[in-house]
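Novice: One-letter residues, chain by chain:
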Amino acid sequence: MHRYFSDTKFKITLCITLSLLMGIFVAAVSDSGSSPFSSALSVVMTPLQTLASEIAEKLDSFEAKFVSSGVYEQEIESLKQELDEYKALLVDYEKLKQKTEAYESFLEVKEENPDFTFVSANVIMRDNSDIYGSFTLNKGTSDSVQKNNPVIYGKYLIGVVKEVTQNSCTVYTLFNPSVNVSSYEIRTREDCIIEAQTDFSKQGILKLTGLSRSTPIVSGGIVCTSGIGGIYPRDLIVGSVKEIIDEETDISVYATIQPAIDYSSLSDVFIITDFDGKGE
Amino acid sequence: MKSKESFYHILRKISIIPVIICTALLQNSSDSSSGIGVFLLVPLTVSIAMFEHEFSGMLYGLLCGALWDLSSAIPDGIYTLYFTVFACLAGLFTHYLLRNTLISAFVLNIFGTLGVCMLNFIFNCLAKDAADIWNTIKFFYIPSFVLTVVTIPFIYFPVRFLERKIRTKTII
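So the protein sequences, as listed, match chains A and B. Note that the working numbering gives residue 81 to position 98 of the first sequence, counting from 1, and the numbers run on in steps of one. If you count the second sequence from 1, you need to add 31 to reach the working numbering.
Think of the hints as simulated: they come from the structure by calculation, not from any bench. Any given hint might turn out to be false.
[Unchecked claim] Derived DSS-like pairs (lysine-lysine); straight-line CA-CA distance at most 27 Å:
1. A/K138 / A/K78
2. A/K70 / A/K80
3. A/K63 / A/K80
4. B/K44 / A/K(-8)
5. A/K(-8) / B/K35
6. A/K185 / A/K130
7. A/K190 / A/K225
8. B/K44 / A/K(-6)
9. B/K35 / B/K196
Based on the provided sequences and hints, a complete structural model is requested.
Specialist: As structure tokens, this is what we get:
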């Protein structure tokens, strides 16, 4: 071994080691952070490294086919759990979104009608045997709800409270033939009455009666409550005129009304417990 | 005859270079989704140095270290210097002190891998003031050390086969 230390090869080894040390120093102080030797080598090696990475990627995807089914089953289970969590979050989000929309329109109504007193309520039951779509709300006399209180969704009239208990109330929708609403068409200001008939209710439309033969009401007109009778406040939207039809029994005409809201999909509504002109 | 000998001599020297390049690419391109590294260049350097001895082994070690430096996160040139010196020492020990056997390869590989792990640890953990050092040692360095050491038979025997095959041709 002593011969090696006096050999030329040892001196060459020493020179290479010293030059490598210098290379480290150069790399440390240079902007690129790499030594000249590494820079030169990378010119040759970079294409090879790129090729090797591509081959490695292809091998990874090939290897995946030989992974045991147990691994995939576990992955599927955890993904299913994650999906269920996201679905639950989505349901909550949609509920919040609906509530926000309802509260936004409620705020608009409140600002336009500061005299209204509201109670918010949730639909807790629907009567499947009732073809007119009546439903039960979770507010009753303990919340100042009374019989004949109008029920609204935003600016739209939905129905009226017909039965009240301590903690719940039953609402008849406008499709119920026992519910009549005095109204007017906003453009022509013509007074009329909204009625319900069974055959129309099945189609999801209302009947607008009391129109003159030469009524100026046309299709697309908006019909609102007139406030006459003291049951419903003024200017609650009922729906839009669908078509004008000649009455069969006399020479008058009537119009069919398409309600603005689908009553069967409601879950949050407001009950107007008091307003100016109530009972007048 | 002499020209044939020198041809095989050169062939032997050159044939090792693609092996080194492929091993470097394999080590640095493979997916490390398990979070553990296998330092294939260490047993390769040890195996080559044991057959090529101190000077040639030092040059091959320089190449191994330089290839690793291309993709390493520690300051450039550190691995090159380390592998150059280590390969030279491995060649020296094999030439003058140790026998060229698998046991010697294991011993040299253990020291080589230990050196690489310490370098890596110093520059990646201590120098960067990394948190949770003990877990890094437990879940990365120790498994990587063990895996690297156990790969020596898979590298030593193919290198020995290559070296002996070309040496036999040289003799003939």
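Novice: Please write out, lowest number first, the hints stated earlier that are contradicted by the structure.
Specialist: none
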